[in-house]
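Sequences listed follow chains W and U, in order.
The first sequence runs 27 to 256 under this note's numbering.
The second sequence runs 849 to 1256 under this note's numbering.
Distance ranges between label pairs, derived from CB positions:
id, chain 1, residue 1, chain 2, residue 2, range
1, U, 1239, W, 28, 39 to 49 Å
2, U, 1232, W, 203, 51 to 61 Å
3, U, 854, W, 28, 33 to 43 Å
Worth flagging that the hints you see were computed from the coordinates, not collected in a lab.
By construction, the Cβ of each residue, glycine as well, lies at the ideal position given by its N, Cα and C atoms.
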Amino acid sequence: MKTVIKTKDLTKIYNSSVAPVKAVNNVSLEFGEGEFTAIVGPSGSGKTTFLNLIGGLDKPTEGQVIIDDTDISNMKESKLFDFRLKNIGFVFQSYNLIPVLTAKENVSFIMLLQNQAKEAMEKRAVEMLEQVGLSDKIDVRPSKLSGGQQQRVAVARALASKPKFVLADEPTANLDTESAFNLLDIMSRLNKEENITLIFSTHDQRVIDRARRIITLVDGAVSKDEAFDR
Amino acid sequence: MKTLLKLAWRNLWRKKRRTFITVSSVMFAVVLAIAMMSLIEGTRELFVESVVSQTTGHLQIQDVMYHDEPSMDHTLEYGEEVYSTLEKHSDLIDYTVPRIQGFCLGAKDMGTRGVFVMGIIPGKENRMNNLSSRMVEGEMFSDNDDYAVIAEGVANLLELSIGDTIVLIGQGFQGMSAAGKFKVGGIIEFPMPEQNNTMVYLPLQEAQWFFAAPERLTNLIIMAENESNINTLAQNLSDDLDSEWFAVKTYEELMPDVLQAFETRDAQVRLFSWILYIVAGFGIFGTIIMMIHERLREFGILLSIGLKRAQLAIICLFETLFISVIGVLSGIVVGFPIMYWLNKNPIQVGDDLAEVMLDMGFEPVMPFSIAPDIFIYQATTIFIIAIVVGLYPVRKVFKLDMISAARK
Ligand SMILES: Nc1ncnc2c1ncn2[C@@H]1O[C@H](COP(=O)(O)OP(=O)(O)O)[C@@H](O)[C@H]1O
Ligand SMILES: [Mg+2]
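The shape of chain U in the complex, shown without the other chains (with noise of 0.2 Å):
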């Protein structure tokens, strides 16, 4: 085996240029594909965490019923069995993040405007996704305080400004109904429209109050000590928990149409991957022909004097091998440093499409991802191919007739 192995390998280099010409265009195709690959991975990266830090979190407890029909009706009880099995596996949970919220009519004088509450925390929300710091105008709340901070297009929209009251009215817990005064005592910011327009901030044990549901949350989020711990942790929380009340969800299942959106992108650039792969592929397939063709009377007589079939056709496969490894390789060293170069220096978008990333609360970048997947990928893919293309050289050599093959 070590003398096929040799003989492959000097094979090899019998073409010096053809071998290098036939290595970089595997090199190319490789750093292309990942260059590909990783911008791809990077921009939902960047997607996924910007969802998680703002909305959904790591994973959230919720009410069973809360994920089909969010209502005030479908609360969860925040109290002593969320509060032990949180204990429990506190070596698993960075931080917690309660919420309270639901649609509500805001109101002032004769305007009225469809509205989102949330009650929070404001020192929680601020380590998920540091809140405080949108504030353009007033104070945050802490938790003992009773105001409100409003975004500012709600502001706009209703004429208010610090010191005005905004009248909120809602459906509260087990049908009561949910009306309540609120004096706004801060404004804040966001860059998407949506959460301008209708965001009105609460405090916890307000918004409690103001729903009717004391001692009650919609959500509460958990913020995984480690981010690969966490469908461990979601396992271990729904096991302790009462499953006739509660439901844990994991960010995956609180965003499903994001990630579907970015699995059908994720096909589509592994096809074009692909084409890429093929053309490789087919450059190696050619030189393969050309390695085969010239060496045919060789061949015979190594048939000849003694070499059997299988051997040498492990020999052909091991030059088709050794040639993409070769090449796979390069190209993961050449395309792993730009990788990591642009991951850490990100490229500035162009001014048009940085307003839009802004808009939807991006930082206006080109993500690159250096996810070890997109690496492995690359080098499993071209593997598989050279496996293909190295049949073709098996399948010759099993077939060769020694005799004529020797007489050319």
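Same shape as in the complex, but just chain W (with noise of 0.2 Å):
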């Protein structure tokens, strides 16, 4: 299996007003293609922050974060925008559309910074709609729709460009059971049908076993990491 994201020591320290914070420490890993891992652990434990590193959000403090062969730990914002666009998706917690899009236009919207064909990737936006079983929501504003239905055009907007690897930072906190599940579901389909990396973030107990790889954090270093078959 390819190695897409390998990260080598990887730390990062908040200089914090009371004491420095250790929120990822000495964290050295390997993410292989298609993967589907879950990172877990207690609120605190720096999901967040290890997402942000590998997504090329935040800088680490030492360590070395290298996406298929590039080292990214020390680029140029200006540079890391484009590589973030060309090869990573991004899903938030919450309010990730933009509320003056439509639907499909949010979906598009990627692939339009991308400068896409207008054609292609219209046509691709209404089939991920599709796949996330919004084909009856194409033309509505996010504020029309519900939260679950939010988190699904937001993944299918940061699967529509193909990126290397989505990242997912406790896409499922703010729904319901039936949302939550929903949404895995799907997130667990696309990975296998489009054969795109996804590594999401949680510490509800609810979805974790839907990963097919578990990792867990205590206090921002690696505690356990377990493959599943499924």
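Reassemble the complex: the two chains are provided individually, in unrelated frames, and hints are given to aid placement.
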């Protein structure tokens, strides 16, 4: 299996006013192509910080993040913007979508920024919305969608441009149980069908066992790394 | 780019009421500023128009020395050179008004009085300022007559009536003394006391003889075919006339002090309208600050998923521009018809002021101008302010820490 993301001794220290916090502590991991991984751990264990580091949103204090042989830990900001746009899909906890754009426009947004051809882009956007079960909401704005539906649009957007991998930070945190299961099922299915590497963080016991690999963080360090065949 | 514009436009209508209020405040500032400038500009136009038609004309040909030292020794020769030059540029010239004029002593019996003697061609004066319509007694002379028409104030002061004789004594051309007796054939009334108490009119040829300056003029007034060509015409004329002898002056050069006074007042009005704009600017600024701060989280997410800072800055800048442009345009759309109406249906001023204005020879109205400059000036000013205000969100976007913004 090809390695997509590799971290070496990754460490992030926040200099808060009280005492320095080691939010991520010496993490060395590898993620292979097509993996479906959950980063779990209690609140404050460093999940978000870890995802921000491998997503190129934050700079490590020490160590490296290598994506497909490219070390992004010391890339210039302007280069990082391009790198993220081309290679990484993001899903956040909530308010992912651009409120003034319709579901289809939101899904097309990344492809639009990538200057993709209009027709192919629209076709792909509609196809992705069908994949997440929202073919009847194509021209609806986010404010008219439920929380679960909004997250599904966000997942569709993250995957539409076929990035190298998708990072989802607690995507189910604000969803009811049914929507949470539904979202995870969709993510799991798309991971297989589109063969896109997918890493999500959660402290939500309900959805953890959907993942095929579970990495547990405690105080910023890896305490467990288990694989499951499902 | 199209996408960025679309986003900016839609963002504007997320809080419809707030946008509407901001746009309205800009609109009112613009309407007010337009009204103010329109009135000032209108007053200036009225004033200049009045001075142009009464006194200076659009431009004048004079002797080179006359402007600095107006005397009979500095008259110009109204001959072949002037004729042919005028002929050459006749397409730009509507008509000309020749004058010879100077201060004299007017006397009857024992009474004397300083008067201003002006030799004129009545037909031409009438075309310029409808002089004959001010006649209150007697008749305006024609070119071959040899009597005088005097202002009503002069008549009163010297106790002159129709048929009496006025004696004029003054300085003629090249040191000759000018003296003559003229019968009073008409009395004319002016609203402005300076004119009413000094003017004495003679037929041009009589006046030239009186001043011992045949074929000479102090001023040759020229009315242009089209006001926008005044400067071109002045340039053409002075190119063709011998600059050793002749000077061509536009009305602006002929009344610099008047225009100077208006300039000072214009500056004050500009200052006041800037205050209005700053108020409007802060209105926009407040709205923009709110629009930015309630969306920092959204900005963080947009930047995380791949929108460049410059692109986000463009969106913000356009939001500001849209608000200002809509405000300015609606201000003009509302303001222009009002000014247009006021321009066509002038408001009469109150009695006291009306009297003063009449005394000065003006129509007693509030003159609103609809010169395009006024509207263009408003538009550009607000545009500049919008750019300045729009720099705030741009700065904010470039400084934004997207992680902490997305976390909120
Ligand atoms: N910007 C920051 N400044 C200071 N401390 C921070 C900052 N971001 C996160 N932390 C701290 O780092 C630790 C890990 O936080 P986080 O990555 O958000 O954990 P999780 O996502 O698992 O809840 C926490 O102790 C948190 O308080
Ligand atoms: Mg977190």
